[in-house]
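Enquirer: Sequence:
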Amino acid sequence: MLPTEGFTCFPGQMWDRVLSKVKKAVVFIDDKCAESLHWNGGATRVFEAGARNLKQFSSFEAGGENEPKAVFVVSTLLKGITADIIQDIVGLSHFQYCVVFTTVAHSIHLLANNVTVELEGNPVFEQFEDKLCEWMGDVNYTAEVMHAPVVFALVSPQLLLAPTFAHLFPLLPRDLETINIKRPEKKRFGCLTDVDLRSLTPELQIEIKSLASAVNSMFESTSTREESFALGPMSRLIAGELANHPQAKNRRKTAPNKASIVFIDRTLDLTGAAGHHGDSLVEKILTVLQPLPGHTTDVQVDMLELTNLQRTPDSQTTLAPGSSNISYLLYNKVCNVAVKENIFSVNLPGKIRVNNIQLKSEVYIQFIKIPCLRSVRITTLF
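Here our numbering is used: position 350 in the sequence shown is 350, and no number is missing along the way.
No lab work stands behind these hints, which were simulated from the structure alone.
Misleading hints may appear alongside valid ones.
Stated by the list, open to error - Using 20 angstroms as the maximum straight-line C-alpha spacing, the simulated DMTMM-like pairs for lysine to aspartate or glutamate come out as follows:
hint: 1; residue 1: K24; residue 2: E144
hint: 2; residue 1: K24; residue 2: D84
hint: 3; residue 1: K333; residue 2: E5
hint: 4; residue 1: K69; residue 2: E118
hint: 5; residue 1: K249; residue 2: E227
hint: 6; residue 1: K182; residue 2: D194
hint: 7; residue 1: K24; residue 2: E5
hint: 8; residue 1: K55; residue 2: E126
hint: 9; residue 1: K23; residue 2: E48
hint: 10; residue 1: K249; residue 2: E118
hint: 11; residue 1: K340; residue 2: D302
hint: 12; residue 1: K79; residue 2: E227
hint: 13; residue 1: K69; residue 2: E5
hint: 14; residue 1: K131; residue 2: D194
hint: 15; residue 1: K69; residue 2: E48
hint: 16; residue 1: K55; residue 2: E5
hint: 17; residue 1: K79; residue 2: E134
hint: 18; residue 1: K253; residue 2: E227
hint: 19; residue 1: K187; residue 2: D175
hint: 20; residue 1: K55; residue 2: D84
hint: 21; residue 1: K55; residue 2: D16
hint: 22; residue 1: K55; residue 2: D30
hint: 23; residue 1: K24; residue 2: E65
hint: 24; residue 1: K258; residue 2: E227
hint: 25; residue 1: K23; residue 2: E207
hint: 26; residue 1: K24; residue 2: E48
hint: 27; residue 1: K131; residue 2: E144
hint: 28; residue 1: K284; residue 2: E341
hint: 29; residue 1: K69; residue 2: D175
hint: 30; residue 1: K253; residue 2: D265
hint: 31; residue 1: K79; residue 2: E65
hint: 32; residue 1: K69; residue 2: E144
hint: 33; residue 1: K284; residue 2: D298
hint: 34; residue 1: K131; residue 2: D88
hint: 35; residue 1: K79; residue 2: D130
hint: 36; residue 1: K69; residue 2: E134
hint: 37; residue 1: K258; residue 2: E283
hint: 38; residue 1: K69; residue 2: D30
hint: 39; residue 1: K79; residue 2: E61
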């Protein structure tokens, strides 16, 4: 397999690890992992793997009496609110077998528990397994806790996003003052480039380490040794964490493939990041349409024009974009081609346009619904 193919396959491979455990289980998934799943087969893929049900990761959800198995997929540490929600769900259910997947590596769990030395095995995960058995009400029940970096979304063959870290924002000058206030007895930092990882808040340290760990997992999967470049204070911290990752040092000695990775603080180019002048149809779509609830990388499409329903203030007229091969190929094209060149690809050819009477036919509805999901102006289809 070529290195480029490995990068495009990596998100799906990580989800395969999760889906191998969902047979006959009710699956609870948080919003960040759900967004990654959205780009990696969606709920259909979960049910095809044998899951009985798919629910939001919430204390208000639970399994039924005939659902003895549960799988949790979370993007956070297994402590605090996350642990409380899992306990609430398990307590309201009749589970005898629980599997928990977290995108946060065990080494970062050690850091969060103030353990600074590497320990044999996965003691934090093992302790949480014991808690799961306790919450299920029988120590003889089965519990498993594993790490699975399901943080990436393959938007197109040339674009891999990490929606889990969408909120990770570069450091700003005002952050320097906040950091210095918390260092009354230590030397004050003169500028953001002087800031080190240990001076940041524990939450931000965990976010940076988690991102570096996820990138390292991707390089490990593709047997790649990276050459890192960084532009900006935050990018320098992330690149430094990746360079110092314990597993990365061994990987660089043996990996046959080579790649360059560039970390960039987009605050160095606010005009480009905030502007809407690019010649890209996808940019215009993402700018005009509302995002899907809980998502940062996909938008909703108004489908009311394809129905006989009347528009009301309370009507929900949106639908998630489809995942068929037709819409996926079309989306890939509009990602990489200028607006003037792909406008004909978005609209249906004139010879297969339909009128209002034909539109009522189920055949035509099935035919046109997939291509229109990625179009801003649905009316142009007719």
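Enquirer: Determine for every hint whether it applies to the structure shown.
Expert: Status of the hints after comparison with the structure:
no. : hint          : result
1   : K24 <-> E144  : holds, 16 angstroms
2   : K24 <-> D84   : violated, 24 angstroms
3   : K333 <-> E5   : holds, 18 angstroms
4   : K69 <-> E118  : violated, 32 angstroms
5   : K249 <-> E227 : holds, 12 angstroms
6   : K182 <-> D194 : holds, 15 angstroms
7   : K24 <-> E5    : violated, 32 angstroms
8   : K55 <-> E126  : violated, 25 angstroms
9   : K23 <-> E48   : holds, 9 angstroms
10  : K249 <-> E118 : holds, 15 angstroms
11  : K340 <-> D302 : violated, 23 angstroms
12  : K79 <-> E227  : violated, 34 angstroms
13  : K69 <-> E5    : violated, 35 angstroms
14  : K131 <-> D194 : violated, 42 angstroms
15  : K69 <-> E48   : holds, 17 angstroms
16  : K55 <-> E5    : violated, 32 angstroms
17  : K79 <-> E134  : holds, 16 angstroms
18  : K253 <-> E227 : holds, 13 angstroms
19  : K187 <-> D175 : holds, 16 angstroms
20  : K55 <-> D84   : holds, 17 angstroms
21  : K55 <-> D16   : holds, 19 angstroms
22  : K55 <-> D30   : holds, 9 angstroms
23  : K24 <-> E65   : holds, 13 angstroms
24  : K258 <-> E227 : holds, 8 angstroms
25  : K23 <-> E207  : violated, 31 angstroms
26  : K24 <-> E48   : holds, 11 angstroms
27  : K131 <-> E144 : holds, 11 angstroms
28  : K284 <-> E341 : holds, 15 angstroms
29  : K69 <-> D175  : violated, 45 angstroms
30  : K253 <-> D265 : violated, 29 angstroms
31  : K79 <-> E65   : violated, 27 angstroms
32  : K69 <-> E144  : holds, 11 angstroms
33  : K284 <-> D298 : holds, 12 angstroms
34  : K131 <-> D88  : holds, 12 angstroms
35  : K79 <-> D130  : holds, 14 angstroms
36  : K69 <-> E134  : holds, 15 angstroms
37  : K258 <-> E283 : violated, 31 angstroms
38  : K69 <-> D30   : holds, 18 angstroms
39  : K79 <-> E61   : holds, 19 angstroms
In the structure shown, a violation is registered for the earlier hints numbered 2, 4, 7, 8, 11, 12, 13, 14, 16, 25, 29, 30, 31, 37, in ascending order.
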